[in-house]
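Enquirer: The primary structure of each chain is shown beneath.
There are 2 protein chains.
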Amino acid sequence: MTPAEKRELLHKDRERVWHPFTQMKDYAERDHLLIEKAEGLYLYDADGNRYYDTVSSWWVNVHGHGHPRIKQAIARQLEDTDHIMFSGFTHRPAIELADKLIEIAPPGLGKVFYSDNGSTAVEVALKMSFQYWQHVGRPGKTKFAFLEHSYHGDTLGAVSVGGVDLYHATFRPLLFDAYRVTAPRISRWENGSPTPEAAEHGVAEALEAVKRLFESSADEIAGFIIEPMVQAAGGILIHPAAYVAGVRELCTRYEVHLIADEVAVGFGRTGTMFACEHAGITPDLLILSKGLTAGIMPLAATLCTDRIYEAFYDDYETMKTFFHGHSFTGNPLACAVALESLRLFEEERVLEHVRTISEALRGQLPRFEPFRHLGNIRQLGMIAAFDLVQDTETGKAFPSSERRGYHVYLEALKEGLILRPLGDTIYYWLPHCTSEEQLHDIVDRTCAVLERLGYR
Amino acid sequence: MTPAEKRELLHKDRERVWHPFTQMKDYAERDHLLIEKAEGLYLYDADGNRYYDTVSSWWVNVHGHGHPRIKQAIARQLEDTDHIMFSGFTHRPAIELADKLIEIAPPGLGKVFYSDNGSTAVEVALKMSFQYWQHVGRPGKTKFAFLEHSYHGDTLGAVSVGGVDLYHATFRPLLFDAYRVTAPRISRWENGSPTPEAAEHGVAEALEAVKRLFESSADEIAGFIIEPMVQAAGGILIHPAAYVAGVRELCTRYEVHLIADEVAVGFGRTGTMFACEHAGITPDLLILSKGLTAGIMPLAATLCTDRIYEAFYDDYETMKTFFHGHSFTGNPLACAVALESLRLFEEERVLEHVRTISEALRGQLPRFEPFRHLGNIRQLGMIAAFDLVQDTETGKAFPSSERRGYHVYLEALKEGLILRPLGDTIYYWLPHCTSEEQLHDIVDRTCAVLERLGYR
Numbered sequence: 029m030t031p032a033e034k035r036e037l038l039h040k041d042r043e044r045v046w047h048p049f050t051q052m053k054d055y056a057e058r059d060h061l062l063i064e065k066a067e068g069l070y071l072y073d074a075d076g077n078r079y080y081d082t083v084s085s086w087w088v089n090v091h092g093h094g095h096p097r098i099k100q101a102i103a104r105q106l107e108d109t110d111h112i113m114f115s116g117f118t119h120r121p122a123i124e125l126a127d128k129l130i131e132i133a134p135p136g137l138g139k140v141f142y143s144d145n146g147s148t149a150v151e152v153a154l155k156m157s158f159q160y161w162q163h164v165g166r167p168g169k170t171k172f173a174f175l176e177h178s179y180h181g182d183t184l185g186a187v188s189v190g191g192v193d194l195y196h197a198t199f200r201p202l203l204f205d206a207y208r209v210t211a212p213r214i215s216r217w218e219n220g221s222p223t224p225e226a227a228e229h230g231v232a233e234a235l236e237a238v239k240r241l242f243e244s245s246a247d248e249i250a251g252f253i254i255e256p257m258v259q260a261a262g263g264i265l266i267h268p269a270a271y272v273a274g275v276r277e278l279c280t281r282y283e284v285h286l287i288a289d290e291v292a293v294g295f296g297r298t299g300t301m302f303a304c305e306h307a308g309i310t311p312d313l314l315i316l317s318k319g320l321t322a323g324i325m326p327l328a329a330t331l332c333t334d335r336i337y338e339a340f341y342d343d344y345e346t347m348k349t350f351f352h353g354h355s356f357t358g359n360p361l362a363c364a365v366a367l368e369s370l371r372l373f374e375e376e377r378v379l380e381h382v383r384t385i386s387e388a389l390r391g392q393l394p395r396f397e398p399f400r401h402l403g404n405i406r407q408l409g410m411i412a413a414f415d416l417v418q419d420t421e422t423g424k425a426f427p428s429s430e431r432r433g434y435h436v437y438l439e440a441l442k443e444g445l446i447l448r449p450l451g452d453t454i455y456y457w458l459p460h461c462t463s464e465e466q467l468h469d470i471v472d473r474t475c476a477v478l479e480r481l482g483y484r
Numbered sequence: 029m030t031p032a033e034k035r036e037l038l039h040k041d042r043e044r045v046w047h048p049f050t051q052m053k054d055y056a057e058r059d060h061l062l063i064e065k066a067e068g069l070y071l072y073d074a075d076g077n078r079y080y081d082t083v084s085s086w087w088v089n090v091h092g093h094g095h096p097r098i099k100q101a102i103a104r105q106l107e108d109t110d111h112i113m114f115s116g117f118t119h120r121p122a123i124e125l126a127d128k129l130i131e132i133a134p135p136g137l138g139k140v141f142y143s144d145n146g147s148t149a150v151e152v153a154l155k156m157s158f159q160y161w162q163h164v165g166r167p168g169k170t171k172f173a174f175l176e177h178s179y180h181g182d183t184l185g186a187v188s189v190g191g192v193d194l195y196h197a198t199f200r201p202l203l204f205d206a207y208r209v210t211a212p213r214i215s216r217w218e219n220g221s222p223t224p225e226a227a228e229h230g231v232a233e234a235l236e237a238v239k240r241l242f243e244s245s246a247d248e249i250a251g252f253i254i255e256p257m258v259q260a261a262g263g264i265l266i267h268p269a270a271y272v273a274g275v276r277e278l279c280t281r282y283e284v285h286l287i288a289d290e291v292a293v294g295f296g297r298t299g300t301m302f303a304c305e306h307a308g309i310t311p312d313l314l315i316l317s318k319g320l321t322a323g324i325m326p327l328a329a330t331l332c333t334d335r336i337y338e339a340f341y342d343d344y345e346t347m348k349t350f351f352h353g354h355s356f357t358g359n360p361l362a363c364a365v366a367l368e369s370l371r372l373f374e375e376e377r378v379l380e381h382v383r384t385i386s387e388a389l390r391g392q393l394p395r396f397e398p399f400r401h402l403g404n405i406r407q408l409g410m411i412a413a414f415d416l417v418q419d420t421e422t423g424k425a426f427p428s429s430e431r432r433g434y435h436v437y438l439e440a441l442k443e444g445l446i447l448r449p450l451g452d453t454i455y456y457w458l459p460h461c462t463s464e465e466q467l468h469d470i471v472d473r474t475c476a477v478l479e480r481l482g483y484r
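These protein sequence lines map, in sequence, to chains A and B. Read in order, the letters of the first sequence are residues 29 to 484 in our numbering. Read in order, the letters of the second sequence are residues 29 to 484 in our numbering.
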């Protein structure tokens, strides 16, 4: 576009658009980055500058931008049905996608309920779990448990089970009461993984907290919601698989639904198709979005066991219907895209490639060791992170007013790299299509940024 | 598709899919209607049967299905950017759409915040209103008021301001407290409109209820949420414009945000671009979805005044950021579709056509007069409705166990007509592309259905 067009668009952006999760005054002097083209692993701004999309456009992109097969799938679907309602009516893309999701999901899940984004899919899971206990004669089970540092979305039900005070505390008077549980705390990392002692200690302590809660209160708890393996927005906190396995066991023993929010970690991001596979477990409810459509358009799904489904299945007059729905539920275009993405997973052996790149990413971690102030260097699958801390031994943080992560973000842009730190946590959340060569280039550039900011 | 394919798809549908707002046991013997093709005003099932989509696929479709211009807009956008994040980044379709929405919206709205569906856009409005009062030193304003019979979505915040007990009562323990206000009750209709006396009485009574509430409690009320002109899911309840105007006045006087949920009624459905125009008012927050993308894919927007926006605009350290966002916020594909739809509105003079068809629809209403048990025949724009009642004088309902609306639905399908009654309320919610000829055919078929079910 011309410089005049660019100026005009940025002017309108400032005049008319309120961006998500953004203090708009941060952009009083500076512009939002105007993206004109997205292709593969790259975004291009209006001046033709190229950036690595190392955060998969907010953790959604899978096969890279502009994949020709995805484009064709949309075009094909548009020839049949654009959007039709999904109550009383059904269509091929939604049916085939549901069938495929059940096929690839952890065994034991039977039904798929569609919605439009992670927040709504979380709300579906909470409401299903709540109503289930009403129907099976346990009406006292009306509460939920969640983990500190958890993030499950921004609608008020999802906020009620959110553990990041920065996002959630303001809305306290609008939230329902829920139990906040200690998450696994990992004190020491080696080669990107918790040391065995740190893992054991962190898991034991965190499971003990769950057990204590369930012993005293399982009678009133409908479900326990977790982000299996990685708490994402809370700071890319990687958990040992033993924790997820232990939670499953406790939920079963104390009759509490395990609700697995795999919105961020599903579809191969952690190295397995679903993060629950690391622990070899099946949740009672599984929540999917983001990567579901390869990151191209909104769609979400809440999967549940047949046992949960059957508690709602009765004559209409018994009033056990699950009265929930959104206009665009099961949108044919989004379902067609999701199906094509899953075909690509198979035909292009995406998970094999993910394993290769995950190993390569792990192999790059030692390059961060020589830097000062880099703590908790950790990795799982296509995800890697470290924290900028004053003291790596004690974990003492920098004063938040220094906004160190934010400065890394700004400097990285100059290096053609999109890093989107969470506070002072710097991370990669790589698309599956990343090549080894691109990975090396990304790490080179990251090191250059750290170097320039004085972390060597 | 072949009969075998159809059987297999319907088998998988029954095995794997949990449909929204559906008692799945209703489909134990009967299949969901498998739609294979959608074109213009018609849906075609797997056997090639054609149906009029008289409910615009759950109130979303605008220009008909499969509009070539919409298809082209998606294809064009896919060549530039599929999806990119919207925090720190921006792109042409989202900017141009925001600019256009502010241009056509009631005057005085300044900023656009995107999300994915009506529920999330309602949650955005509630959270913005709530946080606004925190920022301007009125922290006691933490509650919301809503109308009886209202429906604002299915996430728990939206359910908290929902007034349809069938959908909302189950979840009581998870909802925040809110004030339920009497809606206008219209006792008599003539030529599809309230009689002047009925309108005056209904409006006065309902405004008095708002006034009483505000007098006693405005100090603790952040916002009052309404569906302007038509309460849709609550039973296609049409309100006089004087009610909406009166609510605006009271909200201003008592310093309560007026939140207008135009998810269902926006974009021409009531005959004007936005329903608020009937009353000549501007709400503090305006919620849009459904018709925003011409009903093709998920997208929503919450518009607010600059005054609200400015209460959040400050140095980062003051912690006034609106921490809300969804991964697919401002999805470029959906924004491109919405822009193209608004271009069609202008170039094809859609609102002029809507006025013509609305008049023609009004002209058809007398055809329902000779039937027995048809009460409250009413109409606004492309929307018309009547209730099946035992006694049209007293309004006495049929026993709900008779499921009369449901029988109309089943019979109408045989007549090539998709009617989706709300309980015993039968209604049209016509796409803007409906022609006069199609309208007559739709009414002919509806009369045939009523005839066969013994209402003559």
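Please note that a few of the clues may not be correct.
Where chains are identical, the list cannot tell them apart; a pair therefore holds if satisfied intra-copy or between any two copies.
[Said to hold, decoys possible] Subject to a maximum C-alpha distance of 25 Å in a straight line, what follows is the list of computed DSS-like cross-link-like pairs (lysine-lysine):
hint, residue 1, residue 2
1, Lys65, Lys99
2, Lys34, Lys171
3, Lys348, Lys442
4, Lys128, Lys34
5, Lys34, Lys239
6, Lys171, Lys239
7, Lys53, Lys99
Worth flagging that the hints you see were computed from the coordinates, not collected in a lab.
Enquirer: The structure should be examined with respect to each hint, and the outcome stated for every one.
Expert: Do the hints match the structure? See the list:
no.: 1; hint: Lys65 x Lys99; result: both (15 Å within a copy, 20 Å between copies)
no.: 2; hint: Lys34 x Lys171; result: neither (50 Å within a copy, 42 Å between copies)
no.: 3; hint: Lys348 x Lys442; result: neither (57 Å within a copy, 28 Å between copies)
no.: 4; hint: Lys128 x Lys34; result: between (43 Å within a copy, 17 Å between copies)
no.: 5; hint: Lys34 x Lys239; result: neither (57 Å within a copy, 49 Å between copies)
no.: 6; hint: Lys171 x Lys239; result: within (16 Å within a copy, 36 Å between copies)
no.: 7; hint: Lys53 x Lys99; result: neither (37 Å within a copy, 37 Å between copies)
Checked against the numbered hints above, the structure breaks hints 2, 3, 5 and 7 and satisfies the rest.
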